[in-house]
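K.L.:
Here is what each chain is made of, one letter per residue.
There are 2 protein chains.
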Amino acid sequence: MKVAFQGERGAYSENAILAYYGRQVTTVPCETFELVFTTVQEGVCERGLVPIENSLAGSVHRNYDLLLKHQLSITGEYHLRVRHCLVGIPGATIPEIKQIISHPQALAQCEGFVHQLGATASPAYDTAGSLKIILEKADRSFAAIASRQAAELYQMEILAEGIEDDPANFTRFLTISTQPEIPTGIAKTSIVFTLKNIPGALYKALSVFALRDIDLTKIESRPLIGKPWEYLFYIDFAGSVAEKSVSRALENLSEYALTLRLLGSYPRHLLQNGSA
Amino acid sequence: MKVAFQGERGAYSENAILAYYGRQVTTVPCETFELVFTTVQEGVCERGLVPIENSLAGSVHRNYDLLLKHQLSITGEYHLRVRHCLVGIPGATIPEIKQIISHPQALAQCEGFVHQLGATASPAYDTAGSLKIILEKADRSFAAIASRQAAELYQMEILAEGIEDDPANFTRFLTISTQPEIPTGIAKTSIVFTLKNIPGALYKALSVFALRDIDLTKIESRPLIGKPWEYLFYIDFAGSVAEKSVSRALENLSEYALTLRLLGSYPRHLLQNGSA
Numbered sequence: 001m002k003v004a005f006q007g008e009r010g011a012y013s014e015n016a017i018l019a020y021y022g023r024q025v026t027t028v029p030c031e032t033f034e035l036v037f038t039t040v041q042e043g044v045c046e047r048g049l050v051p052i053e054n055s056l057a058g059s060v061h062r063n064y065d066l067l068l069k070h071q072l073s074i075t076g077e078y079h080l081r082v083r084h085c086l087v088g089i090p091g092a093t094i095p096e097i098k099q100i101i102s103h104p105q106a107l108a109q110c111e112g113f114v115h116q117l118g119a120t121a122s123p124a125y126d127t128a129g130s131l132k133i134i135l136e137k138a139d140r141s142f143a144a145i146a147s148r149q150a151a152e153l154y155q156m157e158i159l160a161e162g163i164e165d166d167p168a169n170f171t172r173f174l175t176i177s178t179q180p181e182i183p184t185g186i187a188k189t190s191i192v193f194t195l196k197n198i199p200g201a202l203y204k205a206l207s208v209f210a211l212r213d214i215d216l217t218k219i220e221s222r223p224l225i226g227k228p229w230e231y232l233f234y235i236d237f238a239g240s241v242a243e244k245s246v247s248r249a250l251e252n253l254s255e256y257a258l259t260l261r262l263l264g265s266y267p268r269h270l271l272q273n274g275s276a
Numbered sequence: 001m002k003v004a005f006q007g008e009r010g011a012y013s014e015n016a017i018l019a020y021y022g023r024q025v026t027t028v029p030c031e032t033f034e035l036v037f038t039t040v041q042e043g044v045c046e047r048g049l050v051p052i053e054n055s056l057a058g059s060v061h062r063n064y065d066l067l068l069k070h071q072l073s074i075t076g077e078y079h080l081r082v083r084h085c086l087v088g089i090p091g092a093t094i095p096e097i098k099q100i101i102s103h104p105q106a107l108a109q110c111e112g113f114v115h116q117l118g119a120t121a122s123p124a125y126d127t128a129g130s131l132k133i134i135l136e137k138a139d140r141s142f143a144a145i146a147s148r149q150a151a152e153l154y155q156m157e158i159l160a161e162g163i164e165d166d167p168a169n170f171t172r173f174l175t176i177s178t179q180p181e182i183p184t185g186i187a188k189t190s191i192v193f194t195l196k197n198i199p200g201a202l203y204k205a206l207s208v209f210a211l212r213d214i215d216l217t218k219i220e221s222r223p224l225i226g227k228p229w230e231y232l233f234y235i236d237f238a239g240s241v242a243e244k245s246v247s248r249a250l251e252n253l254s255e256y257a258l259t260l261r262l263l264g265s266y267p268r269h270l271l272q273n274g275s276a
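Residue numbers (the numbering used here), protein chains in the order written: chain A, 1 to 276; chain B, 1 to 276.
Chain A with its partners taken away, still in its complex shape (with noise of 0.2 Å):
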């Protein structure tokens, strides 16, 4: 099975797609994540994998806003822990860093090991990729912020390791298909719906699963493009479309909606301390 990513090879991304499917699978490298979401759309892979949201900066937005114009369905989730390095040119030592490259995330992740070491920070566009650039300058007072996995990859030289601010760092992934998959077991569910913009209209919305006991575990608003202050809302919950309270719900939310459509049922995927 052929799976897509965005990145360069060692990129976060690649590592979540053989932790989640294990590494009898080909990764399929992308350069951007609507090139992601084409891809699978044309069948040239089975599967993809994105992250949606990370457990210090928020959600990706731009993803949210590929999986609405994409015809595709989510069919998993699985949660990274993200785990940063400082990652020199071969010979390179700390005290010799000056500049720091790497994504804005990374980065921001890293924002008081950066400053400690009293470095520059300036943005990439991925973080594997940014071990790339470094290597083209060949400059022993540059550095990136990558994963091992890259380091080790690019064969280059490990500074530190841990380096993000907070331990609690994950990131959430979810892989896409062209196909729905009707997940056996404890499930979760991603829908996304439009509202009238009229007092009450998300208390009326989320009615319908608060009445059903459905436990929500993620709301995000998007803007609507064109309808300045209007919103699109992403809502993930517990269980599958499989379950008659589930389907019911959706039903009682279309006589709100102005627009719903689900995304995707699929297997949740706890995390060790048995949150998520």
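Please note that the accuracy of each hint is not assured.
Put simply, identical chains are the same to the list, so a pair is met inside one copy or across any two.
No more than 20 Å apart at the CA atoms, straight line, and that leaves these computed lysine to any residue pairs for SDA-like [stated by the list, open to error]:
id : residue 1 : residue 2
1  : LYS218    : PHE193
2  : LYS2      : GLN179
3  : LYS132    : THR32
4  : LYS137    : GLU181
5  : LYS196    : ASP215
6  : LYS227    : ALA168
7  : LYS227    : ILE163
8  : LYS196    : LEU271
9  : LYS204    : SER221
10 : LYS244    : PRO199
Calculated directly from the structure, the hints in this document are not laboratory data.
Fit chain B to the known structure of chain A by using the hints.
P.N.:
Below, chain B without anything else, positioned relative to chain A:
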């Protein structure tokens, strides 16, 4: 009066300050959003102004997090129509442009234009700052995306104007101060709260507004640092804390919320089409 903003001179935030407060105030550029908040907290500037949301790109989460971290009050809001220009060094022409530099949000908002041009996009920390980068490069194949005001300030070439993919492009800014103000006239109020992680918690919280016909204008969830997949909720709604129904709704909410903080009541800024 001195008003702090993030970015270089010519930034959209500086345009918003001049539009909101008029040209008699002194604008004070700060390198980071964090510095805008501390500059106001320490009394160096009487006010700060920060972007909180864009109608295409969504919320500026960093500023939601900083509102929580600092004990400042929101005293005003302003909606700025964002009209991007493609800007080159003096003498440059459109067919020469191969590389475009700007803030990732500006690049995202002009994705169609950049793609049509066949140029490569590279991220920078801010729009006005990207002008300085290309001035230093002194290479006619580099362009930046910034406002007309910024291009004029740095005496650069405006190659195209209004290059954003969607013209309904507004950024909402908030003004912050050490002292809360009680607005007269049509007002809005912003709060932040946390809830028990149990089914129906958000539904109960929203009931305090819905059952009093108080109109929510925005809901935003942000991760609780150190507690993966638990959230802070930021809500904006119509009305001022000086109104009885609002103060009662907040008293009622404090019965359900684990924590609740009033961020401020302020005059509502209506867009010309009446929404906001």
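K.L.:
All hints, please: hold or fail.
P.N.:
Evaluation of the provided hints:
1. In this homomeric assembly, LYS218 and PHE193 come within 20 Å of each other (Cα to Cα) both inside a single copy, at 14 Å, and across copies, at 15 Å.
2. For a Cα distance limit of 20 Å, the shortest separation of LYS2 from GLN179 inside one copy, 15 Å, qualifies, whereas the shortest one across copies, 57 Å, does not.
3. Only within a single protomer do LYS132 and THR32 lie at most 20 Å apart by alpha-carbon distance; the minimum there is 17 Å, versus 27 Å between protomers.
4. For the homomeric pair LYS137 and GLU181, neither the shortest alpha-carbon distance inside one copy (46 Å) nor that between copies (52 Å) is at most 20 Å.
5. Within a single copy, LYS196 and ASP215 get their C-alpha atoms only as close as 24 Å, which misses the 20 Å cut-off; across copies the closest is 12 Å, which meets it.
6. Taking the shortest Cα distances, LYS227 and ALA168 sit within 20 Å of each other only across copies (7 Å), while inside one copy they are farther apart (37 Å).
7. For the homomeric pair LYS227 and ILE163, the shortest alpha-carbon distance between copies (19 Å) is at most 20 Å, but the shortest distance inside one copy (41 Å) is not.
8. For the homomeric pair LYS196 and LEU271, the shortest alpha-carbon distance between copies (19 Å) is at most 20 Å, but the shortest distance inside one copy (36 Å) is not.
9. For the homomeric pair LYS204 and SER221, the shortest alpha-carbon distances inside one copy (16 Å) and between copies (19 Å) are both at most 20 Å.
10. In the homo-oligomer, the alpha carbons of LYS244 and PRO199 lie at most 20 Å apart only across protomers (18 Å), although the nearest pairing inside one protomer, at 30 Å, exceeds that limit.
Going through the hint list in order, the structure does not satisfy hint 4, though it satisfies all others.
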